[in-house]
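K.L.:
Please work from the sequences and hints to get the whole structure.
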Amino acid sequence: MMDFLITFLQGRVQRARSGELDRGASAVEWVIISAVVVAIVGVVAAIINAALSDGANKVGNCIKGADAGKTC
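Following my numbering, the numbering of the sequence shown begins with 141 at its first residue and continues without gaps.
There may be inaccurate statements among the hints.
[Claimed, not checked] Estimated spans, in silico, between C-beta atoms of each pair: (1) 182 x 155: 36 to 42 Å; (2) 205 x 184: 28 to 34 Å; (3) 181 x 156: 33 to 39 Å; (4) 175 x 152: 26 to 32 Å; (5) 172 x 211: 48 to 54 Å; (6) 170 x 145: 30 to 36 Å; (7) 173 x 144: 45 to 51 Å; (8) 183 x 146: 51 to 57 Å; (9) 189 x 158: 34 to 40 Å; (10) 167 x 145: 24 to 30 Å; (11) 205 x 168: 54 to 60 Å; (12) 154 x 185: 43 to 49 Å; (13) 150 x 185: 49 to 55 Å; (14) 147 x 183: 49 to 55 Å.
Derived from the structure by calculation, the hints contain no laboratory data.
Glycine included, each C-beta is placed from N, C-alpha and C at the ideal position.
P.N.:
Below, the structure is given as structure tokens:
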């Protein structure tokens, strides 16, 4: 049993020194980057949606109250 633990720990140390365990950290970094990008896209979409909605309301109000000699 003790030989197994020693061999297991030696293997873990060797993998840590070789940088093989960095793959997990890289995956976590990609998840964080992706989450930030999704959040930014969501904020930009909300801003664009609000601007388009406001513009559409202004055009609608202008059409409703349009007179022949009046400009909006």
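K.L.:
Tell me, in ascending order, the numbers of any earlier hints that this structure violates.
P.N.:
7 and 9
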